[in-house]
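Protein chains in written order, with my numbering: chain A, 1 to 511; chain B, 1001 to 1287.
These aren't lab readings, by the way, just hints derived from the structure by calculation.
Mixed in with the good hints, there may be bad ones.
[Claimed, not checked] Heads up, simulated DSS-like pairs for lysine-lysine below, C-alpha to C-alpha not over 27 Å straight-line: (1) A:K65 / A:K103; (2) A:K286 / B:K1061; (3) A:K286 / B:K1213; (4) A:K115 / A:K510; (5) B:K1061 / A:K442.
Given next are the chains, with one letter for each unit.
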Amino acid sequence: MSKKEKVLDKKSKKAIEDIAMNGSINNSRKLNFDTSWQYAPAPESTDHFKLKKKYDLFINGKFVKPTDGKYYKTINPATTETLAEIAYGTDKDVDKAVKAARKAYNEVWSKLPRKEIAKYIYRIARLLQERSREFAVVETLNGGKPIRESRDIDIPLAAAHFFYNAGWADKLHYAFPGKSPQPLGVAGQVIPWNFPLLMAAWKIAPALATGNTVVIKPAETTPLTALLLAEVIQEAGLPDGVVNIVTGFGDTGAAIVNHPDVNKVAFTGSTKVGKIIQKALAGTEKKYTLELGGKAANIIFEDAPIDQAIEGVINGIFFNQGHVCCAGSRLLVQESVFKTVIKKLQDRIENLIVGDPMDKNTDIGAINSKMQLDKIKEYYEIGKSEGASSFQSSCNLPKKGFFFRPTLFWDVAQSHRVVQEEIFGPVLTIQTFRTVQEAIDKANNTAYGLSGGVWTDKGSKIFNVVNKIRAGVLWANTYNKFDPTSPFGGYKESGLGREGGLHGLTPYLKM
Amino acid sequence: MSDRLNINKTYKLYIGGKFPRTESGRAYTIEDSKGNTLCHMSRASRKDFREAIVACQSAIKGWANRTAFNRSQILYRIAEMLEGRKAQFVDELISTGATKGSATKEVELSIDRLVYFAGWADKYTQVFGSVNPVATSHFNFSTPESMGLIAIMAPDEHPLLGLVSNLAPCIVGGNTCVILASEVNPFIAISFAEVLNSSDVPGGVVNILTGFKSELYKHFGTHMNVNAIICCADNKDQIINMQENAALNVKRFILRNKVNWMSDAGQDPYFIMDTQEIKTAWHPIGI
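Build the full structure now, drawing on both the sequences and the hints.
As structure tokens, then:
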């Protein structure tokens, strides 16, 4: 028996005694998985594909070396092992890519019959589906997210985004009554590391379907699936230059945003960088969409189905290690159920499996980078120094790689930094409220406005709260659900414009 | 000529449903084409701008919560009031140098445009919203929702029609606004405020300032309670400054300085959507 198991065993014995004495713990029964259900390791295999040692830039339909000849290493955040070398694109490479995209737009893409554009995009969707297992494994290796998530969410959704948008290509005039929508030209896109392939799909699919060509930069820490996507695009036979993928760092992204021949900028990332981009675009004719940070309130009312709500809260904050802009990172609980909720949350967190992202049983994988891990650790210290009560899972963390225990903070005030600022990690703050109005006021007391959650069995209360929360996506009795048909995007400082659905086409068109 | 002496109007600002003088006590002179003094206008200051934002802020909740039908009727009511004062506005436009024909056309178009947007109040959410067929067992719908507080820099040309064409799509969607009136012909905007004030438009929903763009444009960009800027002005430096400052709190910036307000392009339902957010809600379908 390992040391940890012994401890748990003592705990569970105590729990059994408690039940014998009081009939229940804190008026609720606890599911004790630890001693009775042991999971054997179930790692996903990696023998069905081979990564290249070195990846070049994808410009004008070909893989080309970066002008300056510089490469950087991309790692597996769960082991810190190097996976491959990636080209570091500079402004010269970006310029080449934009020129290729412009040429492709002028000479080929804008002249194609719309239904042919649709067929190319359908092809991408199908090829992604065919290679889904490889994509899922690479996504997990490079980003640290649990294989279950990349397999069941990231990759299928990415394919679905291409499939959905493909169909719009020859139907745009139905989407905008009274208008004849036209493409803008070259779209420059910069995407984050939390959903590498999915964000590429969110950006590329609507851009192509509306008749634009693309220059896109994946995040520096997670370039691999975008480069696999380049292979798919090549295989799908897209005309050269219609999609160009330039890997690199912040300066590479800045070169795309600032390139004078880009007609539209689409950025997903932090509010801080979003504001820099918005400012940089002042005085230009470029259209832009910004999908920025969030600090969403997830509200549990006393009449909520509590066990479902607990699962929703867990999914809301610990999905993808909390690296989700729309994560439900602020839990608001009605005072009367606070004790029950916090007890159940702690029990549930104790049972989350934190560790090897490649293991199919893993609930919480690796933090994406050392930089992000340091940031989360810093916020953990800030939370404690601000006087919050805290709870962390007692789980063992792997010795190598970047990991962080799922964490709760309560006894926090609205003004605390851990309540106001986006942590982008598995850290949940918990506040209480008494009235519906107080919940709404607290939910809206933030500069952000991306998403929110409501848990109650009372329908009229759902509509009331959903109407009054100033945010772009509201989940009622569910959380963190995504679909290509469903528009996504924020109010206030969470960004502007929508991605996905019919509304996600608008930013890529002039009317 | 009768011996009777005319009673000249004192033009003030329109803030929170009241007509205060500028707190700065400053005025500037408007002349007709022959160089005769037409009137003196209040020259609004930064503090007036901020007062107007406060008025907007306090009116937001009430206005956004009005039913679409109610907002529709209130916009229609503005048109009714304007129709009744048609002669006054035609005269005022003529005093700025417009011909009788073009003045009449501008007033008539303004009235019709109000009616046009009044009609959109309970339709744009139907036309521009959607029910989304998600692939999971959820009911999912997207609806336009008011953006909040809009700062509008009205066009200099067509001082009535330009004002109405920007104001109507903004407030029909449940927003409140602060408007800097045409700098060259501002008094018509204040006369229009009298129309608004007798049209059941709640105080604070529309606030109208007169003054200098060069003095006030900076505050459009920097005020942190402004959710969006609609700019119908041409000065490139001012536009860039507002766009840069918009990034302070990710304001939406809508440039409408190339619209011919007398044409059909001046009444576009997509103007309503410029100051709407799309909100998407999910709920599971099941037991």
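| What hints, given by number in increasing order, does this structure fail? | Violated hint (a single one): 2; every other hint is consistent with the structure.
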